[in-house]
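Listed below are the residues making up each chain.
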Amino acid sequence: MIAVLLLGCLVTTILPGAAVAHGGVVEEDDLCVIKVDYLRAHFKVYQPRVSGHQQFCEDLPVASESVFVMEYLHDALADMPIDFRIIRNITGKGRFARMEDVEQLEDLDHATVFYQPALAEPDVFTVVHDFAEEGDFIGIVSATHPGTKKVYAAVFPFEVGFTGIGYWPLFVAALVLLQLQYLFMSGRLKRWMGRWGGNASSLCLCALLLASADAVLADDDLRVTYTTPPGLPDINRMHSWILHVESADGVAIENATIDVTGGMPEHDHGLPTHPRVTEELGGGDYRLDGVRFHMRGYWEIEVAVTTEDGTSVVVIPLRL
Amino acid sequence: MSSALLKVCVALAVVAATVTWWQTRAAQVPAWTAAEIVILRSLTLESLPPLPPDPSNTVAANTKAAEFGRQLFFDSRLSATGGISCATCHQPGRHFTDGLRKAEALGTSMRNTPSIVGTAYSPWLYWDGRRDSQWAQALSPLEDPNEHGSSRIQIVSVIAADETYRQTYESLFGELGDVSGLNEVVLNTAFANVGKVLAAFERTLMPEASRFDDYVAEVVSGSKDDRTALFSDDEVSGLRLFIGKANCTQCHNGPMLTNNEFHNTGVLSSPGELPDKGRAGGVREVLADPFNCLGEYSDDPEHRCSELSFVRSGAELIGAFRTPSLRNVAGTAPYMHKGQLASLNEVLEHYNLAPDAMIGHNEAKPLKLNARELRQLEAFLMTLTSPITGNQSESM
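Chains as they are written, first to last, in this note's numbering: chain C, 1 to 320; chain A, 1 to 396.
FYI, nobody ran anything at the bench for these hints, they're computed from the structure.
These numbers were taken from a predicted model, which means no experiment stands behind them.
Quick reminder that beta carbons are idealized off the backbone N, C-alpha and C, glycines included.
Some clues are possibly wrong.
Only part of the chain C face toward chain A is listed, based on derived beta-carbon distances under 7 Å [to be verified]: (1) 42; (2) 46; (3) 69; (4) 73; (5) 74; (6) 126; (7) 272; (8) 274; (9) 290; (10) 295.
My request is simple: use the sequences and hints to build the entire structure.
Written out as structure tokens, the structure reads:
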């Protein structure tokens, strides 16, 4: 049993080697993440001309047009000028090259094959480079804080012309399994495990991420009703709603701040517009302008009502 | 058994088999349900509301302005070289597109040439919605160095120097005066007026009824069964997929077969280019456009701009592009914002797979349709072809 467990651990540790990440790029929960100091971004590379939509973590199969994409997981990156440099890996440190190794290079420009000068990209950072030849490279990403001017950097060595690692991890794993079986049978494994003070299963568990469920907020204190002009709501028509807000015992709620968001849970998208309350009509009635839907199906409209007592959110289900 | 009797038996058997086959075949094309007929009707031009007014353009519905706009549309003097007109890319013979991946004028444009037919119904223009009216859109290519490469003063000077143009302009907007000494606001107003007459022409360009519209009219009238001569079995099946499990009407809805909204559908980047950020950039640009609905060149003193006032932004718009109308789609290849997909078949294959987007999030989900179903969908899309209304003649 322990041997099987260990094999599982080994296979899971070795097999992702096809996308093994190093330096500033790490794998987290099936995503490739670049850590620019404390700032994190989802990192992926495409070779659209040769492998379509296939994503790579950093090692690339062939010398071809390569699109590097950083999707910010930390909002601060959206305001930071970011520069992106690719150099030939002449550090002599191979895959273990670090920032200090790059800093020691005398002529960085000479080794540079691609340079994107600092650019603040509010949505997503992308660069495209057509690799002329295969080889070992280092990517260097620097982000400058617009206020403090502090520079945050990440360095990741990678290979172009990376052929993958084939079946050898399985072969190694099989050999290791045989060896473990021998050790287990001979009783040595038990002695080693005792000496480590840990156990193999904890090694495996460390790789598992526990998903946390979102808390579902229900509000029993508030009632929100809406009225629309005849024939509405319908799709593709801009229109207004009258929202009526009252407490559970029927008392109109006035002077509230109301924020309206919403979307189609089945399609992972929001409303096509940003509706706003433009007028309080009295008696708990509020005019909501800028409502439009662009698809038939199931919508949820979230009405957040803020009074001096706090904020309550009511979800209006709507099938168009 | 005599040979004559045998022949009769065989003949009867053949007739029986044929009748059975016919009945089975008919059963394969089930009748449209009442709910489906409601959806079908919503997609036909019969359901198209009247042209929405454009209070930002006082000459939008003016026939004289439309005729003036038609002349300007084909006039290549409105370009730096004298060789480019609106019709260079928006070719009437190609449903106002150009058949190229990306537009070619003075240079290569940023994106694929979208059709302008029916855009009077759209609150947003361009693939990324970076303009919010037909007239504001019409101005933009005139100054784009890769398109007309002209300038405001040059455009207004062409109008002033041509006696017929000048007279028509002044009858619509008042005296033009000496264009050499115009201050910025007056120059911009005259420039905006050029966009407004071009828009008046574009407003007349609408698709006529297609075979699809005629088919639905027959189904609705109930005069014939669902297997009319207008649609083949494959076209009926394609239409059923279109409003059903292929999810097409999520975005391609309404009589123009578009919701005019922005969606990320995970199309690959164009060769040698960065992935296009689409609406994420377009929304910033339309808000900053001096010729937008809220700007001083709008003719609406009340600035009724519900779309621009309630416009949304956010990460969902990264890599999102405006849903194009499917009317005349068979004649407007190549497809997508950079013309990445050469044929309808490639487009359908793309939606069938719905791969992860390079940037942002692909809203579409894999359809898992088989090859036959994709062919049927394509057969249906071919039924959306129709002539276009309005005078599209180049003659002056």
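Here is what the structure says about each hint:
{"no.": "1", "hint": "42", "result": "10 Å, violated"}
{"no.": "2", "hint": "46", "result": "6 Å, holds"}
{"no.": "3", "hint": "69", "result": "6 Å, holds"}
{"no.": "4", "hint": "73", "result": "11 Å, violated"}
{"no.": "5", "hint": "74", "result": "13 Å, violated"}
{"no.": "6", "hint": "126", "result": "5 Å, holds"}
{"no.": "7", "hint": "272", "result": "5 Å, holds"}
{"no.": "8", "hint": "274", "result": "4 Å, holds"}
{"no.": "9", "hint": "290", "result": "3 Å, holds"}
{"no.": "10", "hint": "295", "result": "5 Å, holds"}
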